[in-house]
Amino acid sequence: MSSDVLSPGRLAIFAAVLLLVAAVPWWLPALVEDYWVDIAAEILIWSLFAASVNLLYGYAGLLSFGQALYFGVGAYGVAFGLQHFGLGFWGSMGLGVTAATAMAAVAGIFAVRLTWHYFSIITIVFGLILYLLTVGAKDLTGGDDGLSLSLPPFFSLGGVELDLFDQATQYLFVLFFVGLCYGAMWVVLRSPFGYGLKAVRENAPRAGLIGLDAFWLRYAAFVMAGFLAGMGGALFALFSRYASAQYMYWTVSGEGVIWTIVGGAGTLFGPLIGTAALIVLREEISSIWEHYLMVLGVIVILMVTFAPRGFAGLIEDAVRRLKPTPSAPPRSE
Amino acid sequence: MTTSRRSFLQLALAGGASLPTLNLMSGIATAASSSDPIVIGHQADLTGGISSWGYWLDKSARAAVDHINANGGVAGREIKYVAEDSESNPPSGARKFRSLVQRSKADFVIGAVHSGVNLATCPIAKELKTLYIPNGMAEEMTGSSGNRYVFRTGSDTYSQAAAGAKWAAEQLGKTWTFIFADYGWGWSHFNEHKKVLESIGATVNPPIAVPLDAKDMLPYLAKVPENTEVLYSLFFGSQSVAFYTQANSMGVNKRTKLYSVICGHEAISPADLGGASEGAHLLEYLPRQLKHQDTEYNRKIRELMKVDPVNGQEEGSNRIIAGSHYWATWEAVFFIKEAVEKSGWRTKKDTPEVIKALEGMSVEESLAHPQGAKTIRAEDHKAIIDFKMSKVQDGKIEMLHAIPAKDIVQFFPPRVDFTKENV
Chain A
-17 MSSDVLSPGR
-7 LAIFAAVLLL
3 VAAVPWWLPA
13 LVEDYWVDIA
23 AEILIWSLFA
33 ASVNLLYGYA
43 GLLSFGQALY
53 FGVGAYGVAF
63 GLQHFGLGFW
73 GSMGLGVTAA
83 TAMAAVAGIF
93 AVRLTWHYFS
103 IITIVFGLIL
113 YLLTVGAKDL
123 TGGDDGLSLS
133 LPPFFSLGGV
143 ELDLFDQATQ
153 YLFVLFFVGL
163 CYGAMWVVLR
173 SPFGYGLKAV
183 RENAPRAGLI
193 GLDAFWLRYA
203 AFVMAGFLAG
213 MGGALFALFS
223 RYASAQYMYW
233 TVSGEGVIWT
243 IVGGAGTLFG
253 PLIGTAALIV
263 LREEISSIWE
273 HYLMVLGVIV
283 ILMVTFAPRG
293 FAGLIEDAVR
303 RLKPTPSAPP
313 RSE
Chain B
354 MTTSRRSFLQ
364 LALAGGASLP
374 TLNLMSGIAT
384 AASSSDPIVI
394 GHQADLTGGI
404 SSWGYWLDKS
414 ARAAVDHINA
424 NGGVAGREIK
434 YVAEDSESNP
444 PSGARKFRSL
454 VQRSKADFVI
464 GAVHSGVNLA
474 TCPIAKELKT
484 LYIPNGMAEE
494 MTGSSGNRYV
504 FRTGSDTYSQ
514 AAAGAKWAAE
524 QLGKTWTFIF
534 ADYGWGWSHF
544 NEHKKVLESI
554 GATVNPPIAV
564 PLDAKDMLPY
574 LAKVPENTEV
584 LYSLFFGSQS
594 VAFYTQANSM
604 GVNKRTKLYS
614 VICGHEAISP
624 ADLGGASEGA
634 HLLEYLPRQL
644 KHQDTEYNRK
654 IRELMKVDPV
664 NGQEEGSNRI
674 IAGSHYWATW
684 EAVFFIKEAV
694 EKSGWRTKKD
704 TPEVIKALEG
714 MSVEESLAHP
724 QGAKTIRAED
734 HKAIIDFKMS
744 KVQDGKIEML
754 HAIPAKDIVQ
764 FFPPRVDFTK
774 ENV
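In order, the protein sequence lines correspond to chains A and B.
Under the numbering used here, the first sequence has 285 at position 303, and the numbering climbs by one with no breaks.
Just remember that the numbering used here sits 353 ahead of the position in the second sequence, which is counted from 1.
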């Protein structure tokens, strides 16, 4: 870990941004409708889903179109825990995340043996199988209609109860878990595992020559990505009070890929930036024109064509231009 | 009329220099007063599978708002109408409901006609303490999935089964098979009709549920058992066209009698099916042809919809009216007006009074209620309405007989009592 990463200047900027993000429920409604606080929470959740795509695509070089499967399992885990098993708030959330991670652990055994388009195809196939099973099991899953949830409080002690019906509480609850996940990713991606993953992404045979096991590195990344998507799904079920097979469909996975690419694949916060940009545009355009996807499509085409490193790349270039160029050392004749 | 809203993008583009101004404006904007316009939101199915109906429900609600605004408003206040597209998709629809309430500050929301969207929205209506009038047919919205904030001004599968199933079993046959779109609406039809049919000794074969994205009906039509006397189908849009045309090409409609609610023909002209649905019996809620309920009120509302009196085709387009459903949003706007005026509603905190005013409200046939006189039953918040039994004859939907509400209401007693819930 370089000392530059934890320089006082960077830490101060990070702390200021964190404070600003944590204070969203108080300053944002003073500027726009309080509805945007919920949208901010939704962006955080979906960014976790995009981060799961990014972990595979941006760091392991595996383009998955099946992350919606784990998102959906996370959401249904919460729904089943609350509606069918009576597990309560935390038990249901735990069930959702655990089920998604376990599902990724099983699917990963088959999926990460493949790379390139074969990997993409098998992830779609896994997703479609579970989607069809979920839609078909209507009595259990609600099929196309999904399941609506009644949320219990998540904290109750001595007459004090906290629940997600309060907008600020809900936002902070989401931020806490999303923040934990981003923090964990930050640590993992700077560990030997993270560097090994990048080495495998760049050149798997060469990585093998220095003792890195491509299969296990990819497998671990796949399971972690399943965990992130499952956490996103569990949070989304709690946020929307709803779980649906629609969230398992492969087009939802495609959205995660788009958010990642537009934001900047292979960067920690690229997916968050991409998700935020495209969800804000969706909210703004869809309320005035129902065919908003056409506009989003054009924006995606422009981004991929003219800024292939996404918003994160644009920001990086801008910062580099603003930084004073170190003077060149005198040339020795 | 649409609301002006503070846009997130506007804020972002305005930059820091204008923040103090925006902040000041926000204080003014959020302090809603009792003289402000009343905001009615519409979670409209403008795109997606059921958009051919959504178009009419939106057009009808807009016409009602324009008519009321041109005639003095509601208790002297103007109505602002805001429609957002549900995309005929439950997750999107639920999100749009939140947008209407939290962003557009809708005081009341008229719901989608997609039952899945309605079912996903009902708990949120309660959470956001907003009166919600869904237009989907699934019984659950005014049953097990409903709550005190949810009202129905149109019809539902429970009352439809009570109105038509017994007559159809006696006239058409006692061995039934159901083939339907595999979501809440289709299953609700199956479950409600099955109860009525089995209670009168009819046989109901295992259901055939068709995925919403299925384009080809042949594999499903091939499953229709040979002993079927009555084939009950329930699809909308392109799936309905596929069902009738492929059932016709397979000869299924020759060996069975076709019966259904009007839904399979909503926004579709029988003539456009090339005779594939000829002879089908249909339960209507407001006749497609004006001549079968030719009142001054129906003439007026059809004039506003700009449709012809026979096929319900829109002037200058190929659209066919969703004739048994469009009136429900027109009437929903008027029900809101009447409840607001009856209860003395001023701001959203008075919504419990509107709820109490709607519970048990009876209205006479009028321009506000062109479908007919009706009562919103207090216990389950369901409008008790008249039906019509009709048949496709010579490419037109002809009414056979009327089914007054008073003759059938005893067959669908309330299953819930929302009046016991606190608001």
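These aren't lab readings, by the way, just hints derived from the structure by calculation.
These figures come from a predicted structure and were not determined experimentally.
Just so it is clear, CB atoms sit at the ideal spot from N, CA and C, and this is done for glycine as well.
Wrong hints could be hidden among the right ones.
Incomplete in silico selection of chain B near chain A, CB under 7 Å [as the list claims (entries may be wrong)]:
{"no.": "1", "residue": "Glu437"}
{"no.": "2", "residue": "Pro444"}
{"no.": "3", "residue": "Ile737"}
To see whether the hints hold, each was checked on the structure:
1. Glu437: holds (6 Å)
2. Pro444: holds (5 Å)
3. Ile737: Constraint on B:Ile737 not satisfied, violated at 25 Å.
Hint 3 from the list above is the single one not met by this structure.
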